[in-house]
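Protein chains: 2
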Amino acid sequence: MSDKKVEKCGERCALQEILDVIGGKWSMSIIYALFSGKKRFSELERLIPGINTRMLVKELKNMEANGIITREVFATVPPTVEYTLTTKGEKLEASINELYKWGMEYVA
Amino acid sequence: MSDKKVEKCGERCALQEILDVIGGKWSMSIIYALFSGKKRFSELERLIPGINTRMLVKELKNMEANGIITREVFATVPPTVEYTLTTKGEKLEASINELYKWGMEYVA
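Heads up: the protein sequence lines correspond to chains G and W, in order.
In terms of my numbering, the first sequence opens at residue 1 and continues consecutively.
In terms of my numbering, the second sequence opens at residue 1 and continues consecutively.
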């Protein structure tokens, strides 16, 4: 019996690591906003209702640290900052679409 | 432009409601453990490494309140309590499998 459990534990541990990456209160919404292409900070702030500047900064930093997005600064006046999904981030599209379908049926 | 935004806002708001339901630190692991069938409290505790009794009780209560699982008490001595996924909970299988595939490639 223990073989099965160790194997299952491995799967559950991975699920918890996944939640560490995408389970933040706003991260799925940010990822979703970026599926349609790179966005400036101010665009994200406008597109995600309910988020404030401090939280958006914090969540974007976490997501950058987790390799989900990249941050690019342009030397304009004032400086422009753009956020783009990495391949790792883009590959979440299937999962988030499935969650969204489920939510439309059972939550919304 | 605002039509598009309102529509997109609706989608993001739903994503946040979804996270309220399944974004708890342990809820995906519990759902995953229940995909293979109903489990007793003690089985869940054993199957989910790192969780403690208090957290498992709390998370199961939330999940019951959210209609993800049902709780059934049997009048044995000592009493037996079994947890089962509802249809709403079972329908998360596709999403969690997609997340799991993503995690295997990019996180684990």
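You may find that some hints are simply not true.
Because identical chains share one entry, a pair is satisfied inside a single copy or across any pair of copies.
To be verified - Calculated lysine to any residue pairs in the SDA-like style (CA-CA distance at most 25 Å, straight line): (1) LYS101 x GLU17; (2) LYS88 x GLU105; (3) LYS101 x VAL77; (4) LYS101 x ALA65; (5) LYS88 x VAL77; (6) LYS61 x VAL107; (7) LYS91 x ALA75; (8) LYS61 x VAL73; (9) LYS101 x PRO79; (10) LYS101 x PHE74; (11) LYS58 x VAL107; (12) LYS61 x GLU82; (13) LYS25 x VAL77; (14) LYS101 x VAL81; (15) LYS91 x VAL77; (16) LYS25 x GLU93; (17) LYS25 x GLU64; (18) LYS25 x LEU56; (19) LYS101 x VAL57; (20) LYS58 x TYR106; (21) LYS38 x ALA14; (22) LYS88 x TYR106; (23) LYS91 x PRO79; (24) LYS61 x GLU105; (25) LYS91 x THR76; (26) LYS58 x GLY23.
Because the hints were derived from the structure by calculation, they are not lab data.
Here is how each hint holds up against the structure:
no.	hint	verdict
1	LYS101 x GLU17	both (23 Å within a copy, 13 Å between copies)
2	LYS88 x GLU105	between (27 Å within a copy, 9 Å between copies)
3	LYS101 x VAL77	neither (42 Å within a copy, 43 Å between copies)
4	LYS101 x ALA65	between (29 Å within a copy, 21 Å between copies)
5	LYS88 x VAL77	neither (31 Å within a copy, 51 Å between copies)
6	LYS61 x VAL107	between (29 Å within a copy, 18 Å between copies)
7	LYS91 x ALA75	neither (30 Å within a copy, 48 Å between copies)
8	LYS61 x VAL73	within (14 Å within a copy, 45 Å between copies)
9	LYS101 x PRO79	neither (38 Å within a copy, 38 Å between copies)
10	LYS101 x PHE74	neither (37 Å within a copy, 35 Å between copies)
11	LYS58 x VAL107	between (27 Å within a copy, 21 Å between copies)
12	LYS61 x GLU82	within (13 Å within a copy, 41 Å between copies)
13	LYS25 x VAL77	neither (32 Å within a copy, 42 Å between copies)
14	LYS101 x VAL81	neither (32 Å within a copy, 31 Å between copies)
15	LYS91 x VAL77	neither (34 Å within a copy, 50 Å between copies)
16	LYS25 x GLU93	both (18 Å within a copy, 21 Å between copies)
17	LYS25 x GLU64	both (16 Å within a copy, 21 Å between copies)
18	LYS25 x LEU56	both (10 Å within a copy, 21 Å between copies)
19	LYS101 x VAL57	neither (28 Å within a copy, 29 Å between copies)
20	LYS58 x TYR106	between (30 Å within a copy, 22 Å between copies)
21	LYS38 x ALA14	between (28 Å within a copy, 22 Å between copies)
22	LYS88 x TYR106	between (28 Å within a copy, 6 Å between copies)
23	LYS91 x PRO79	neither (29 Å within a copy, 45 Å between copies)
24	LYS61 x GLU105	between (32 Å within a copy, 22 Å between copies)
25	LYS91 x THR76	neither (31 Å within a copy, 48 Å between copies)
26	LYS58 x GLY23	both (14 Å within a copy, 18 Å between copies)
Going through the hint list in order, the structure does not satisfy hints 3, 5, 7, 9, 10, 13, 14, 15, 19, 23, 25.
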